[in-house]
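2 protein chains.
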Amino acid sequence: METGHALPQPATKLNLRKIMSSYKAMSEIGEFGLIDRIAALAETTLPAVPELMTGIGDDCAVYCPSAKLLQVATTDMLVDQVHFDLLTTPLRHLGSKAISVNVSDICAMNALPRYALISLAVPSSFSVAMVEELYQGISHAAKEYGLAIAGGDTSSSRSGLVISVSMIGEVAEELLTRRSGAAPGELICLTGSLGGPAAGLKLLTREKEIMLNHIENNESYQRNIMADLKEYREAIQQQLLPIARIDVVRFFHAHTIRPSAMIDISDGLSPDLQHLCRHSNVGALIDEGRIPIKGSTRLIADELQDDALSWALTGGEEYQLLFTIPRAEYPAIAENKAIAVIGETTDVKEGVQLSDIYGMKIDLASIKGFDHFPQ
Amino acid sequence: METGHALPQPATKLNLRKIMSSYKAMSEIGEFGLIDRIAALAETTLPAVPELMTGIGDDCAVYCPSAKLLQVATTDMLVDQVHFDLLTTPLRHLGSKAISVNVSDICAMNALPRYALISLAVPSSFSVAMVEELYQGISHAAKEYGLAIAGGDTSSSRSGLVISVSMIGEVAEELLTRRSGAAPGELICLTGSLGGPAAGLKLLTREKEIMLNHIENNESYQRNIMADLKEYREAIQQQLLPIARIDVVRFFHAHTIRPSAMIDISDGLSPDLQHLCRHSNVGALIDEGRIPIKGSTRLIADELQDDALSWALTGGEEYQLLFTIPRAEYPAIAENKAIAVIGETTDVKEGVQLSDIYGMKIDLASIKGFDHFPQ
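As you go down the protein sequences, you meet chains W and Z in turn. Take the first sequence: its letters are residues 1 to 375, numbered as in the numbering used here. Take the second sequence: its letters are residues 1 to 375, numbered as in the numbering used here.
Check the hints yourself; a few may be wrong.
A pair holds if it fits inside one copy or across any two, identical chains being indistinguishable in the list.
[What the hints assert, rightly or not] For lysine to any residue, the following SDA-like pairs were computed, each having C-alpha atoms within a straight-line distance of at most 20 Å: (1) K208 with R158; (2) K68 with A172; (3) K68 with P50; (4) K202 with L87; (5) K208 with E234; (6) K24 with S125; (7) K208 with E231; (8) K202 with T314; (9) K143 with T44; (10) K68 with M53; (11) K68 with E173; (12) K349 with S366; (13) K337 with T256; (14) K68 with V49; (15) K68 with E51; (16) K230 with D302.
Keep in mind that the hints were calculated from the coordinates and are not lab data.
Isolated chain W, as found in the complex (with noise of 0.2 Å):
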């Protein structure tokens, strides 16, 4: 079941007296105070993980690897206007976004998180409080994933804001998962459903543009006045805090399944796929008619007159994980509802297909995905 973290909200009633007494620019407390105030939050993440020996403070973390445990690392960076863009983005939402980001590809590999190194780039325009929500985000999530902030690298930025985060895992040798396992005449399943985010991205983005042709005409603006619809609300969502599928790996683990392969849809769910048959060398054949897409992601397609289906192919940050499985364990995973079977391997010369609702075949190599460096 996907829910959302409940983020702390920030208070409603706003009292611009003590909102103004309680302004801080980061040069009043300088780099070592934003570190202390990053310290304390980094803390409340620590009781989780009792193995971490030495957080914060020191030159590097410690931590003893759990024993007989195989250690995944994998790292992600989000830039200010190519991840994200902080007129439509709470900074909480940002930061708790980072951690889950990275969770997602410790989950790809059927392990489970453990620690994380934050390193932020901030522009000196922004004030104590700014960091400090976007931490907030960082070490809520943390808590909500079971993993510790064991250290972290804070420095000015003459451009945008940068959050990195590097995250390391475990997972059992006999449970860990690659892309390149899958053969030929297995089972393709997929968790939740598809297309949310993006829909939630074309949301956000229009009300941006309205946004700011208001400001453009001296026009009063209303904010938000969409997000009191339910159906955007959750896209906006999906979009702003993705829950990486950690509960579906602790289903895993709980019944010892190791699917053959397994890839997060981070670019979109044809190259992902893509990756997946390209490291295992098979093919594949997925339905169109079994891709889960909420009927509320349809709706909205309808409405800003863009196609659900190609948003679910190729929108990306969706955070869900695509695997495989071979047909005999079927039975195994049957019971949880967060998985769907949307196709199965084949013969890697068959290439990677997608059958159309009228049984047409189409060629997913054809279909794009993001680029950060496009043609």
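Starting from the structure of chain W, add chain Z where the hints point.
Chain Z alone, transformed into the frame defined by chain W:
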């Protein structure tokens, strides 16, 4: 002994036609083409660390932690216009430095580096060759230090280049050295000499101003006029291409030496000595006459009408090791010519002091180092 890494040098004879025909914009190879090229360079670092089971190419790196060793982890971010200036910094050197500053943190725990994760945010104005140069410096340094590039993340940047490196090292528990173990009456020791990197930075800043003036006045500019002077070259190299003191950590391990406390000098001798003292709850008295400053650094200071001692105290970016040992253990380190004794720890009530060449005691807390968010 401090020796520079012999980085492979670019060809000096220019063949413009060849250069232009080999020019590739990032958009010509796309994000995944770039990742393939980076992965090929990272792969050259893998033979040194056979415990790495999966490197770049899956959702996470996978490795088997060494039995009975603790792990240490650190992260450092280098941001354009904050930590470096591409007008005066060759990309190859910058890549090497990004590795060295993290290795230095690992060394400060008396640990040896094993794995690195590299995140890059690259302006799309960069050519493929520029990213490759940066990455050649990264992989070259990784090989020098015997660590594996295990993973990373590459995205575009709307503003400047950002390099974030996270590094994992290992150390036996009986050798692990924190900032916090010093007791009063111990020797304070330092590797190498100080002030060189600050001298190098001042020279590069002067060089840049001369160059910009020439450009403003439409005059021709011969680059690196001053770099022919050996004294300058050494200081500039210490700034652009610092070498972490892994040689000293290997010496400690070979002789089973565990300093009582250790820190690397990234902020400057004065602030970093204060960090060590605060963590250890001791005071310190260091002797100006014993702080190793090269004659060439003093010459540059004279020429620039600056002060070599203040460079040594607050210049930062030294990446030397500052550590304490009980007097009785001095004979064990006496043979290592890279190590100098510069003072001793005192009762915490004495504070952290410098005895100048006239015997006057100066409170180091009154001397400020670099602050990312200055008042």
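Checked hints:
no.: 1; hint: K208 with R158; verdict: between (24 Å within a copy, 19 Å between copies)
no.: 2; hint: K68 with A172; verdict: both (7 Å within a copy, 17 Å between copies)
no.: 3; hint: K68 with P50; verdict: both (17 Å within a copy, 17 Å between copies)
no.: 4; hint: K202 with L87; verdict: within (14 Å within a copy, 39 Å between copies)
no.: 5; hint: K208 with E234; verdict: within (18 Å within a copy, 52 Å between copies)
no.: 6; hint: K24 with S125; verdict: within (11 Å within a copy, 36 Å between copies)
no.: 7; hint: K208 with E231; verdict: within (18 Å within a copy, 56 Å between copies)
no.: 8; hint: K202 with T314; verdict: within (14 Å within a copy, 49 Å between copies)
no.: 9; hint: K143 with T44; verdict: within (8 Å within a copy, 37 Å between copies)
no.: 10; hint: K68 with M53; verdict: both (19 Å within a copy, 15 Å between copies)
no.: 11; hint: K68 with E173; verdict: both (8 Å within a copy, 18 Å between copies)
no.: 12; hint: K349 with S366; verdict: within (16 Å within a copy, 72 Å between copies)
no.: 13; hint: K337 with T256; verdict: within (18 Å within a copy, 56 Å between copies)
no.: 14; hint: K68 with V49; verdict: both (17 Å within a copy, 19 Å between copies)
no.: 15; hint: K68 with E51; verdict: both (14 Å within a copy, 14 Å between copies)
no.: 16; hint: K230 with D302; verdict: within (16 Å within a copy, 70 Å between copies)
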